[in-house]
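Given chain A, put chain B in place with the hints provided.
Line by line, the protein sequences give chains A and B. Counting in the numbering used here, the first sequence runs from 1 upward without gaps. Counting in the numbering used here, the second sequence runs from 1 upward without gaps.
Among these hints, one or two may not hold up.
In the DSSO-like style, the derived pairs of lysine-lysine whose C-alpha atoms are separated by at most 30 Å in a straight line are [stated by the list, open to error]:
#1 30/B to 83/A
#2 234/B to 83/A
#3 142/B to 30/B
#4 435/A to 423/A
#5 142/B to 108/A
Calculated directly from the structure, the hints in this document are not laboratory data.
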Amino acid sequence: MYVAKPAELEAIGLTYSSESAQTNRALKIMSELRTSMRSLMVMLETCVKCGNCAQQCHSYLGTEDYNNFPAARAELMRRIYKKHFTWSGRIFGSFVGAEEFDEETLGKWLTYFYQCNECRRCARFCPFGIDTAEITIMARHILSELGILPRFMQGIALNMQKTGNNMGIPQPATLDSAQFMEDEMREETGLDIKIPIDKPNSDILYIPSSADFFTNVDTMLGVAKMFHVLGVNWTIPSTVLEAANFGLLFNLQVMRTHNLRLKQAAKDLGAKLVVQGECGHGWRAAKMYTEGCNGAFPFELVHVLEYCAAHLDRLRFKRLPWRVTLHDPCNYSRAGGIVEQPRKIIRACVEELVEMTPNREDNFCCGGGSGILMDEMMDIRLKLGRKKVEQIQAVGDIDYLAIPCSICKAQIPAVMKHYGLEKFEMGGVMDLVGKAMVFDQ
Amino acid sequence: MLFFLGQIFPYIAIIVFLTGMTWRVLIWLKAPVPFQLTLFPAPQTFAGRVRVIGWEILSFKSLWRGDRTLWLWAWLMHGSLVLIIGGHIVGIYTLTRQFTLIGLSPAASSAWSAGFGIAAGIICFLSLMVLFYRRTAITELKRLSDPVDYFDLLLLLAIVISGMHMRLTSLNIDLPAIRFYLAGILTLHPIPIPRTWIFVSHFTLVNILLLYFPFSKLVHAAGFVVNRAMVTEKPPIYPTPASRVGEARFKQGGRIE
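Chain A on its own, in the form it takes in the complex (with noise of 0.2 Å):
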């Protein structure tokens, strides 16, 4: 993985802590984080270290390294936590498992803290619902604040910081992609079906993810289609191109900073009700985490696939022939509460749904998630995406894999690629709406 140097962490406003001071500054942030969230310190003491977690985790089963299990993984922080904020590490070391802090296990932290998806499947199997991927979230936040951070999520940074989203797309850039998507459903449908951008006194706030306008076009001209049908006034903000919050990923600042962008273009453009698209992180960290960062919101806020869902019986469908299996992102079904509307979309869509095992809340992460995109790590994530794969290979033959998150969409198919599964479509749900979409002339 490459890191970031000093000079473009400054261009995101971080600062790089020099080695010596790296380990007494990570306590000193840990000292802090640990009264101002109990998560931290619950989840930190509460471990029996039962084993449990192991056989559920997909990052440890398809690396098969010791240190990606996920009790294991906690065990890098918690060691440490031990021996600095609890009574019995201090007196005891390493007889009860305290370890002091040094450079070594900061590497261990980069490495393998960058090796969990934050799927919380761990928690789902935990007796007392220990997560690691908020040990995760925390781990990173603090390597951050060291000045530690892969390359590429600086980057990310970066284009946030300049233009509201991940693939620093400028307004002018929006506003072509949006006209070029525009006549392209003129062509299909011989309708005047609107991608408005930055439209004042919408009702609707649209937040797509921006690689609906590059890579998954699909999605987009799903949406539109759907708001064209429904007759409702929306926009997307050109401020907020971006449903993802790559802060959640490895700095609550950023993430801080981020949500704010939605809450304002909510406000400047006068909407009453926020749609997040199709992007898992970004929607965890739009329902969850808003009212934490940034205090009330006062606008009604759902995801793309339950508004769909909610506005089903106002659409016309031409089932598709298709048989379709769908992976459930993780930050939908075990963090964020949404789990039938997208299969009752694709039944609306397509002939057959087959659900593969496990599914819902008990699914495995694609291994892409938590933002594990980076290309010079794409051994580790093929490693990460085994479970996937045979989880797909196991249901059989299919027409459309459905994967409606955009890093799942930039994740699996490179780990099909490499298995040899490329029989099939993949794409989002709302791609199927816009794909079996009839239209009253």
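For chain B alone, coordinates are given in the frame of chain A:
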């Protein structure tokens, strides 16, 4: 020495246990939960939350869905422990006459009490042994375990073994005397401890456990509830209801770092 073990140490142990546990939990509760960490599917009401957490305590559902072998032994260990603790309370209080309440004769009641006690003791012993063996037999678990993880199991085993020793050997354990002694402790009028070495050992080991409890991973008993309460919290509602705007979450929650 017996004066210390019998009339002073029990008070130290119980005070450390109670204040230690209260202190641990209060420190946790003092820290804010700035973001809802809801793990779905999540209950929508307070009653639902209590039901979900209660069922998890009773059934160890998460373990069941993961590793059935671990579930079996962990459940048996905790279940038998509950039975043993309950048995101690009613058995000693009623001098093993507890089952006369359901119509048994005093002799039959004592026999039942002994039967349940022995069964629970053996199950607890076996499950602790299995959990110990499991820690050494599974590669990743062995690597994860620190000496203290074995120590905890050994301490519990020592308590179970000393207790079972009193049950299963023909030692003359004078239950009324023990009851009298314990009543003295509880009413703050401590009297000398019965001079039976096995009872003194058993009782002292229990006091060591109590003393050790708040500083060990045994706090998972409290951590369970606090953590489960956190991950079953109701997700936020948007737009934020006016009644919630003044909540602590908004004042403290945004404070990051």
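Each hint, compared with the structure:
Under the criterion of a C-alpha separation no larger than 30 Å, the hint pairing residue 30/B with residue 83/A is consistent with the structure, at around 22 Å. With a C-alpha separation of about 34 Å, the suggested pairing of residue 234/B with residue 83/A is violated against the 30 Å cut-off. For a cut-off of 30 Å, the pair hint linking residue 142/B to residue 30/B is broken: about 35 Å separates their Cα positions. This hinted pair checks out: residue 435/A and residue 423/A have alpha carbons roughly 19 Å apart, not beyond 30 Å.
Restraint check: the Cα-Cα separation between residue 142/B and residue 108/A comes to about 20 Å, which is no more than 30 Å; the hinted pair holds.
Hint compliance for this structure: hints 2, 3 are not met, and every other hint is.
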